[in-house]
Every structure is written in structure tokens, then in C-alpha cells.
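Q: Chain residues, written in single-letter form:
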Amino acid sequence: MTGLSTTSRYENRAGRQRRGGMTLIELMVAVGVMAVMIAGFGTILSQSQRLVVAAQAKMRADSAAAGIEQVIRRDLLRVSQNGFISVGAAGGSPALVLLTVGVSESLIGKRSGSASIVVYGLCDNSITGATGKVFFRKAWVLNDDVSGGKEIDQWDKDMGQIQVMSQGEMESIKASAISQAPASLKFPAEKIAEIGDLWQVLAGNCTSLSIEYASASPGGALAWSSAAKTWTRHNQNNWPAAIKVKFVLTDPSLPAEFQNRPYEVICPGPR
Amino acid sequence: MRSSPIQRDVAMSGCDARRRGFTLAEILIAILILGVGLSMAAAIFPAAMTYNIQWANTVLGNIVCQNGLSIARAKLQHGDFGVTVSEKPMAADGNYPAGSANDEVGFKIFGRQIEQDKNDYQLVVVAYRKAASSNVVSVKSLSPSAIEQLEDGRTRLTFASGADLQVGSPVISKGDGAYARIVAVDGAVAALDHSVPSGSLTAGVFVIFESNRTDKGSPAIAVLSTRTSLLE
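Chains as they are written, first to last, in numbering that gives the first Met the number 0: chain A, 0 to 270; chain E, 0 to 231.
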């Protein structure tokens, strides 16, 4: 073996090394295949992503609705026929006012009472305007002790006084509760002044609220009505057999078909 | 014998030949493997979606069951049920939203008188959500031909062939209103999620059935069993 022949063989191998790599055409084919594949997966993933976002929004709305449902059921189950239920309107939106029986405490003071006056309604959100309204609730503790001033969530009557009231006096309590409902609330609130009068925000993205009731209907279909009406101990036989609170939670950031989630909570009327 | 410098060069050029670039076939195989990996990653999404849907159905099912109980108390009266369990059709009142024509979500109600002639009833409310709005949800009355109590604390029921069984459906005993959920179906044999005494099942059972289900799943999403008086 001579040095010359070895050198030519080495050059030959170097030549083969160049041929062993990919040509431009081969590289372009590979990149093309990969691009098609990535485009395919990208489509699938973006569709899944859309569905996942929608599902998460549904879950958020569902858990919010489940929480609201619990609050509504707890209040409506504590209504007694010695008190009242009233379906009316506050600021153009439906409102529900009721007297719930059971020990209740003022959120900020030490006063407690054996009953509360509760109001539910809808008002504008001062951040988003009318597009996402605020579904609110407020409870006032019944306690006629006003020494040293009335608490923000105290109603200066006691249950004994309410029980002997005429229908008209109960109507005026309802009207007074509704008249205090705010025209707008700020949600999310940033300062203590915006939490102000202890209006509880059940949902800050509610677009619709309706309150309906039905009389007992043995054998027949229930007839739901939303006309304003008040029930007190003076008309005990006509109390509604079922009360329905319908609301729609909205997420404007989602595609139109996923934006609105309607819910309906039906509670039995007091017997 | 030691190799000369030239021989070492030759060995190194052999090494260079091994370090040559990929061929097209190799790249395609690599892309294929990547594709398999990506498709496995993509399969995680539907699994997460299924879980989300189940969770949402449970939340909705509980609301529908409570609504159903409220509607039943406003509508059903003393005497509507006998001492054995029967179903009371609710028509549009059994839809969610109540009274609407949309029957995609709704409930079925079963009841029995706990004691003869007394206004004291057991109600079982089954909330459902259909897979497609054109499907029909119905209640099937079935009689098991064999009841086996398994060692793992479950009950296995065998029905006549052709029985309509769907995984997830509640099985409600006609005798005493005991209920369990079907966790597995093999032809006309159903395994229940817990043990139900054989005596409760001999009088027959009710199951919930949705037509045109391809996945053999049940539309039932929640069950509520309670005791209440009805309208006098």
C-alpha cells in the first residue's frame, strides 16, 4: 500500500460523505411533511383549546350558580306564613323581598334577631354598565334596639311587631326595602366605600333575572306568573306552592354560543 | 503492531462516514414518531373534557333534582302513589326550564306510600340530560330473572335478553324504593354499584332509558330520594 493510493481513497471517502447528507429537495419534502402535520395538529389543538375554554367557563358559571342556588334555597325555606313574600320590581328589574325566620346576626354589629328581611334584585354594574348586571342580595336583621344608632344591616322592628301588622304595613316594609336597592353597584369593589351598605353581590355578570310563582295544581300543569304580588298572613290560603328564580350568567369574552348560561332555582312555598 | 499515521487517518475517515447526515427515510420515521407522541398528547384533551362535562352534569343534576322535588310538592297529591313504587309522568313540568318545550334536561319522578293510606311518601327524583335533543328518555319496567349477591358487596341482575340497560342508569326497586346505579352491562346482565337486598328486587325494577344512545351510557345525572307529604 503506497501513501498516494491511501490519499486518493481518503478523498474518495470525503466525496461519499457529501453525498450521504440530504439534498435540498429531500429537506424540502421533509419540511413539507412536517408543516402539514403541524398544521393538522394545530387545528385540532386550537379546537380543543376553544372547547376547553368554553368548558372551564361553564364550570365557573355552574359553580357560581350552585352557590347562588344554596343561598336562595336557604332563604326561601326559612319563610314562614307569619311573615311575607313579595314579588315586585326594583329599578325596572324584578325583585323578591321576603321575611326569613330563624336566628340571624348583623354582619358588622353585635345585634342579632329572630328573623331577617331579605331582598334580591338586579342593578347595573358601575364598571361594565348594563352589559353585565349585578345580581344582589341584602339581609337586614330584625331588632328594635337602636340605642347608639342603627346598624347598616338592621331593621328597627322585631318579629312580634311584624306578626301583628296589617297587610298594608307589610306592603310598606316591602316598598321600603325595594326603595333602598341601589341603581348600581361596583363589582369587583375596590374600596370599603363601594361595599358600603353591605349589598351582597351574588353574581357580577348576570344579564337577566325573573321571579315567578305558581299555585298548587293537583294533576294539572303548573301555571307560572311573574305579576307583582305580596303574600302575608292575611291571605294564608293563597300562598304560592312554588317559587322560581331564573337568572342568566354571562361571559362576554366567550364565543356567542357559550356566552349565556341560564339557571332556574325552584323552591317550595311555605306550607 | 502499531498503526501508521496514515492508517489512523483512514480509520478516522471511516468515522466520518458514520457521521454523515440523515436520509429522507430517517427524517420521515422521526416525524412519524413525533406524530404518535403528539396524538397521544392530544388524547389528553378529550379525557379532560369528559371529566369537565361529568362535573357540570353533577352540579346541574343536583339543581334539577331539588327543582323537581319543589314541583312535585306543588303538583302531586295524596293518593297519587300506592304502596309499591310507580312513576308519575310530569309532562312539560318535568323539563328544565320548567314548563318549557325544551326537554333536553329534565327529571322523572317515582314515589310510593310509606304506609297504607297515610300522607307520607317516599319520592325518588332522577335528573337526566339527553345526549341529543331528538332522543327520547323513557322509564322501563323490568323484572330480573336472576339476582346474585357477589362477594365484593355488589349485586348482579340478569334480565330477559333484549333488556334496555345503560351504564349509569339508576335501578329503582318497585318493592321498597331502594336504588342503585348500574356500573357495568354485559348483554342483559347488569352489575350494580352496591348491594341491594334480593327481597327488594324480586317485585321488579325501573330503569331510565334514552333511545339512540350509541355509547350505551345513561342520561341520568343525579338521583334524589326523600320523604315528604303531598297536597291533601
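Rather than coming from a laboratory, the hints here were simulated on the basis of the structure.
Take the hints with a grain of salt, since some may be wrong.
[What the hints assert, rightly or not] Derived lysine-lysine pairs resembling BS3-like cross-links, with alpha carbons at most 30 Å apart: (1) A:Lys109 <-> A:Lys228; (2) A:Lys245 <-> A:Lys185; (3) A:Lys245 <-> E:Lys215; (4) A:Lys137 <-> A:Lys109; (5) A:Lys190 <-> A:Lys228; (6) A:Lys245 <-> E:Lys117.
[Stated by the list, open to error] Covered stretches of chain A, going by a simulated chain E footprint (3 or more residues, C-beta under 8 Å): (7) 21–35; (8) 50–61; (9) 114–127; (10) 192–200; (11) 237–244.
Computed from a predicted model, the values in this text were never measured in an experiment.
Idealized CB from N, CA, C, for every residue including glycine.
Q: Hint by hint, say whether it matches the structure.
A: These are the hints, each one checked on the structure:
1. For the proposed pair A:Lys109 and A:Lys228, the alpha carbon gap of about 34 Å is over 30 Å, so the pair is violated.
2. At most 30 Å may separate the alpha-carbon atoms for a hinted pair to count; A:Lys245 and A:Lys185 meet this at roughly 22 Å.
3. A hinted pair counts as satisfied when its Cα atoms are at most 30 Å apart, and A:Lys245 with E:Lys215 does not qualify at roughly 33 Å.
4. With a C-alpha separation of about 18 Å, the suggested pairing of A:Lys137 with A:Lys109 holds against the 30 Å cut-off.
5. At roughly 37 Å between alpha-carbon atoms, A:Lys190 and A:Lys228 are farther apart than 30 Å, so this suggested pair is violated.
6. Between A:Lys245 and E:Lys117, the direct Cα distance comes to roughly 35 Å. Violation of the 30 Å bound is thereby established for this hinted pair.
7. Judged by the Cβ-Cβ criterion of 8 Å, the region 21–35 of chain A is covered by chain E as claimed, because 6 of its residues qualify and three suffice.
8. Requiring three or more residues with a Cβ within less than 8 Å of a Cβ of chain E, the coverage given for the region 50–61 of chain A holds, as 7 such residues are present.
9. Counting residues of the region 114–127 of chain A whose CB falls under 8 Å from any CB of chain E gives 0; the rule of at least 3 is not met.
10. Counting residues of the region 192–200 of chain A whose beta carbon lies closer than 8 Å to any beta carbon of chain E gives 0, which falls short of the minimum of three for the stated coverage.
11. Under the rule that three or more residues need a Cβ within less than 8 Å of chain E, the assignment of the region 237–244 of chain A holds, with 3 such residues.
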